[in-house]
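Those sequence lines, one after another, are chains A and B. Under the numbering used here, the first residue of the first sequence is numbered 129, with each subsequent residue one higher. Under the numbering used here, the first residue of the second sequence is numbered 2, with each subsequent residue one higher.
Don't read these hints as lab results, they were simulated from the structure. A hint or two may mislead.
Said to hold, decoys possible - DSS-like cross-link-like pairs, simulated, lysine-lysine; straight-line CA separation at most 25 Å:
#1 Lys47(B) x Lys191(A)
#2 Lys285(A) x Lys327(A)
#3 Lys253(A) x Lys384(A)
#4 Lys253(A) x Lys207(A)
#5 Lys47(B) x Lys376(A)
#6 Lys156(A) x Lys175(B)
#7 Lys148(A) x Lys130(A)
#8 Lys191(A) x Lys36(B)
#9 Lys376(A) x Lys125(B)
#10 Lys192(A) x Lys4(B)
#11 Lys376(A) x Lys356(A)
#12 Lys360(A) x Lys253(A)
#13 Lys258(A) x Lys385(A)
#14 Lys253(A) x Lys376(A)
#15 Lys376(A) x Lys156(B)
#16 Lys148(A) x Lys167(B)
#17 Lys327(A) x Lys363(A)
#18 Lys191(A) x Lys120(B)
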Amino acid sequence: MKELEKIIQYLDGDMKVEEKQLFELELKSNPMISQQLRLTLQVDQLLADNELFTFMENIQIAKKQFENEELSALNEDNKDINSKFKQTFFLGRKFLTAAAVILVVVISSVVYNIISVPTNDRLFKQYYQKYDADILTRSTVTNDVNALISAIQQYDKGNYPIAIAKFEEILKIDNNNTTAHFFVGVSYIETNDYEKAIKNLSFIIDQNDTAFIEHAEWYLALCYVKIKQTSKANKLLTKIAGRQTFYKLMAMDVLKKLK
Amino acid sequence: MGKENYTDLEIIDGIRGQDSDVLLFIYRNNFRSVKHYIENNSGSEKDAEDIFQDVLITLFDKIRQNSLTLQCSFHTYLFSVLKIAWLRQLMYKDQKTVSIENCDEYSNETLGLMDDLIKTERRKMFLQHFNEISYDCQKIIRLILQGYSITEVTKVMGYLSEQHTKNRRFRCKKNLIERILKNPNYKELSNERTGKDYSVPRW
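With the hints as constraints, model all of the structure from the sequences given.
Spelled out as structure tokens, the structure:
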């Protein structure tokens, strides 16, 4: 994959003049490199296409709206069947058929309720995923951030009690460290201590920290879902769903399913 | 609240302008028949959802490039494209046969759509791998491609140094491209037209 590294460096403008000239010669004589260069350009072009990303998001929204309409129509049909059944039942006609119909309706309704209205716990499990700390632990670090990196490495390995102790130590010295607040917040979620998770994640939102605010809002909303603080969850999810972020569609989903 | 009905021209303009009412109207007026067709031709509801979205993306692309000229109703056109897209998937993936009754729908123009459909599939494959890499990797790649400077990205991402941002950008991109290169469908989708003959047979 050495060729690929050269291609990326070439496209990112990270090559010296001589390297660039040599690479351009290689490009002319090696079809594999030119094919990979074309692929990389196609990927760049796609990922820079904001209009297309917005369109894909908009068709997802239209699809969900359509599905909701279909579901409502189905419920209306069920109501009609119910009401027809009552008429039939009280008129004393076709009793057995009607009994079968109501049985189907009742069973469908119970099953529907179980499937479509998940409990808060189920919702939390469905949407919660540990934050990937990969980005920070591979940093080139200086001594003053060693403690933080060490804590994040414990978090990465899933040693949450150790990670929490390390983050809390850091916060004793520097209570404004939003990175530590964020990771200790998620670590508390992992250890089911939602009150402490909420305290730390809220701190990031209060500070308006640009690096972690989107993530903090999402994890905080899930904490509210988990501990059944539904109105707070609703408020925060509505805020997330109203912005163009990674969590937008998931927030919309949870909002629909939240009791 | 959207209108009850839209003309074909309004639908085209609505797709171009990403009008949410028009997109919902397209779903309301086409998806049931699409689902019925796919389910009757060896597909599932999920297949119908996927292929319908692929076709909408393909049409959006054509519309914004001003390369779409309707010579029939929007519904007929959308359905013709969809049938070709589904046929391609069936022929390519499962080697199954599909029965399509109305051959007249296959004009030269719709046959020319094959490249557009392959392009959509290719982009879908790119996005599938893009979604596999970490969220921060996705964010750094997109921020840079949107023209943000290394300094700005370093600040937004809360990184420790600009060199780290550069290293990170390199690793993320390499990871993404390697995943795409390893995809078994990469070769097939890498060119607009490959060795396979995509002409639609006459049933």
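Checked hints:
no.	hint	in the structure
1	Lys47(B) x Lys191(A)	12 Å, holds
2	Lys285(A) x Lys327(A)	23 Å, holds
3	Lys253(A) x Lys384(A)	16 Å, holds
4	Lys253(A) x Lys207(A)	32 Å, violated
5	Lys47(B) x Lys376(A)	22 Å, holds
6	Lys156(A) x Lys175(B)	22 Å, holds
7	Lys148(A) x Lys130(A)	15 Å, holds
8	Lys191(A) x Lys36(B)	13 Å, holds
9	Lys376(A) x Lys125(B)	20 Å, holds
10	Lys192(A) x Lys4(B)	19 Å, holds
11	Lys376(A) x Lys356(A)	21 Å, holds
12	Lys360(A) x Lys253(A)	18 Å, holds
13	Lys258(A) x Lys385(A)	21 Å, holds
14	Lys253(A) x Lys376(A)	18 Å, holds
15	Lys376(A) x Lys156(B)	23 Å, holds
16	Lys148(A) x Lys167(B)	18 Å, holds
17	Lys327(A) x Lys363(A)	17 Å, holds
18	Lys191(A) x Lys120(B)	22 Å, holds
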